[in-house]
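S.K.: One letter stands for each residue in the lines below.
There are 2 protein chains.
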Amino acid sequence: MQRRDFIKGAGIGALTATAALTSNMAQAKTKYRWKMVTTWPKNFPGLGTGANYLAQLITQMSGGRIKVKVYGANELVPAFEVFDAVSRGTAQIGHGSAYYWKGKHPAMQFFSTVPFGMTAREMNAWIYHKGGLELWHELYGRFGLLSFPAGNTGVQMGGWFNKEINSLADLKGLKMRIPGLGGEVLKRLGGTPVNLPGGELYTALATGTIDATEWVNPDNDLAFGLYKAAKYYYFPGFHEPGTILEAMINKKAYASLPKDLQAIVKAACQAANLNMLAEFDAKNPQALITLKEKHHIEPRAYPQDVLKQLKKVSQEVVAEIAQHDKFSKKVYTSYNRFLAQSIAFSKLSEQAYLNARN
Amino acid sequence: MQRRDFIKGAGIGALTATAALTSNMAQAKTKYRWKMVTTWPKNFPGLGTGANYLAQLITQMSGGRIKVKVYGANELVPAFEVFDAVSRGTAQIGHGSAYYWKGKHPAMQFFSTVPFGMTAREMNAWIYHKGGLELWHELYGRFGLLSFPAGNTGVQMGGWFNKEINSLADLKGLKMRIPGLGGEVLKRLGGTPVNLPGGELYTALATGTIDATEWVNPDNDLAFGLYKAAKYYYFPGFHEPGTILEAMINKKAYASLPKDLQAIVKAACQAANLNMLAEFDAKNPQALITLKEKHHIEPRAYPQDVLKQLKKVSQEVVAEIAQHDKFSKKVYTSYNRFLAQSIAFSKLSEQAYLNARN
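Those protein sequences? They're chains A and B, same order as listed.
The first sequence begins at -16 in this note's numbering and counts up by one.
The second sequence begins at -16 in this note's numbering and counts up by one.
Heads up, some of the hints might be wrong.
[Said to hold, decoys possible] To give an idea of the interface, some chain B residues facing chain A are shown, with a C-beta separation under 8 Å as derived from the structure: (1) K113; (2) V138; (3) F328; (4) E333.
[As the list claims (entries may be wrong)] In the DSSO-like style, the derived pairs of lysine-lysine whose C-alpha atoms are separated by at most 27 Å in a straight line are: (5) K277(B) / K211(B); (6) K330(B) / K211(A); (7) K242(A) / K50(B); (8) K291(A) / K170(A); (9) K295(B) / K330(A); (10) K330(B) / K277(A); (11) K291(B) / K330(A); (12) K211(B) / K249(A); (13) K12(A) / K249(B); (14) K242(A) / K291(B); (15) K330(B) / K214(A); (16) K14(B) / K249(A); (17) K249(A) / K249(B).
Simulated from the structure, these hints should not be mistaken for lab results.
Glycine included, C-beta positions come from ideal geometry on N, C-alpha and C.
Construct all of the structure, not just a fragment, from the sequences and the given hints.
M.R.: Printed below as a string of structure tokens:
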């Protein structure tokens, strides 16, 4: 380097350092006002309160430097416009689940849940430590978004039925509210999947518009009063074995934060992820007791041969997503490889233990 | 209130407000240097790296306002002096597991794990949302400590054996390294429990000093090379179905932090809790493949009748802790009530799903 260049270089260096320092100090003082749009009714048990918990953590940990205000569905934007609203920066953060956005790309479903797929713990392992999050960021990055897991429902319930399911024949002609891939599985077995918003399930079931509906888990199902409109409660929820609730974040909004606040947002999502599942796991056992003892609901297992066929068709339906494009294939391959390994481990760990203990 | 008192009161109020403001500003500028003492060798996979992760989260989220330096076992204090060191304030935070301190109080074991007890998810549900944490704080408070879950191993493995276990008769005379309540269970079934530090297991097994040893899970067991010293690898680890790793915090050190840093420490523990289990769940399946394919280890299930008897004796041993004092009875009752409810839910949720899928 020539002397003239060196002097010029040093000058620029000093200027840059001063600018950086000023900018850091400005950032440390800046107050951020974030809007969180959600796909849930405000304060909806588990899901909505999980979004509140995330917002509170960010606000508390940042000492109010980021204030997050939570909006229920339709308060700022409708539930199914949350993705677009955060993508274009109308809100800085959103709370939903990736399979709602499968119209943008079918591979999104792998970042929520797929029929006969991974459990909550397996999803966390894949997302945080086996490349899942990188794939998710690759996909959401196309829309100007970052994404982190921020909750989980655990294995859901099979659903509420007014028709007994004794064999595969009973699925034929069954009108059931079951959206997404679970619905596609039912369709291939002769049923008629219907999509209805949560608020309409009770009436549709009570009036016979539908024969059956899935919803979430005992705690959420009890809150909706579905036991009053259906005779049978089936398990397990093969179609949603460990659904991730997501925090999607506008990339520019995230990039504008100083490093400590970025770390706070990220870790708050991880803490909220655990906390939602812990809350569901705490409440579901009591909700189940209430359903049994107060409302005389005796949950029934899907028959073995029905489950076997549901599994076979589920695997076909999930494999078809891989055919959509190169990226879908990449996600499917990563997901399926870890799932297969994880099943082998689960057989001598979680599954073996539960079978010995229960 | 008389006028004189009112004026005096207002004066004190103003002084107090000014003092509080000054103190808040001082607190916001204060840099905290925390020592984290741990019961693990420095950087030990999963457990030690989990402690590192917690320390990093606190340092990053606080923008360096709390700098946490991690010490491995024996660097500052020996492993089993971690509790006392944090209790007296030699270190501000410690990373271990509550059953190590059962000599202080037998009820501590409920905050780690007990044989045939709760899984990782059930522990989180009980601790965070069913009163477990309040009981834990009541106990640790006696020692000037706060405590939070900061990791979990999931269901551990049964252990490494040089003797086949085909019936209860094979447990008689079995010299096995299995500490704590699991050891007590073995003893009542005619075995000889031995306690040895992790570093001595390989040699003890290889030289025949012991017939068997439990350790942690495939990932940790592979790292220790135990497959080279034993013929059989049994599952499931009935004695440790979901062991919590703890962060214990000196109460005065915690109280001296401003509210935002307190929130950071607390949420960092929750994030680290999830992350350790996710990391183990990510690594165990691969470790299992390596054990099988490279080292030709074919894990074996404990026979059904052996498990049945282990369960019966485990329940007796755990129930005896309740006899120690009123507080132990209170913890046992809370734990056992939720466990019973949770088993009923698990049967139609996690267990039913794993049995259908695997």
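S.K.: Against this structure, judge whether each hint is valid.
M.R.: Evaluated hints:
Interface restraint check: K113(B) against chain A, minimum CB-CB distance 5 Å, threshold 8 Å, status holds. Interface hint status for V138(B): upheld, as the beta-carbon distance to the closest one in chain A is roughly 4 Å, under 8 Å. Checking F328(B) against chain A by beta carbon gives a least distance of about 4 Å; that is within 8 Å, so the hint holds. The beta carbon of E333(B) is positioned within 8 Å of a beta carbon in chain A (closest approach about 6 Å), and the interface hint is therefore held.
Between K277(B) and K211(B), the direct Cα distance comes to roughly 12 Å. Compliance with the 27 Å bound is thereby established for this hinted pair. For the proposed pair K330(B) and K211(A), the alpha carbon gap of about 23 Å is at most 27 Å, so the pair holds. For the given pair, K242(A) sits about 15 Å from K50(B) by alpha-carbon distance, which is consistent with the 27 Å threshold. Taken as a hint, the K291(A) and K170(A) pair is honoured in the structure, with Cα atoms around 16 Å apart against an allowance of 27 Å.
Restraint check: the Cα-Cα separation between K295(B) and K330(A) comes to about 23 Å, which is no more than 27 Å; the hinted pair holds. The straight-line distance between the Cα atoms of K330(B) and K277(A) is roughly 20 Å, inside the 27 Å bound, and the hint therefore holds. Under the criterion of a C-alpha separation no larger than 27 Å, the hint pairing K291(B) with K330(A) is consistent with the structure, at around 18 Å. With a C-alpha separation of about 41 Å, the suggested pair K211(B) and K249(A) falls outside the 27 Å cut-off, and the hint is violated.
Restraint check for K12(A) and K249(B): the C-alpha separation of about 24 Å stays at or below 27 Å, so the hint holds. Our distance criterion of 27 Å between C-alpha atoms is broken by K242(A) and K291(B), whose separation comes to about 53 Å. At roughly 20 Å between alpha-carbon atoms, K330(B) and K214(A) fall within 27 Å of each other, so this suggested pair holds. For a cut-off of 27 Å, the pair hint linking K14(B) to K249(A) stands: about 23 Å separates their Cα positions.
The hinted pair formed by K249(A) and K249(B) meets the criterion: a straight-line CA distance of about 15 Å does not exceed 27 Å.
In the structure shown, a violation is registered for the earlier hints numbered 12, 14, in ascending order.
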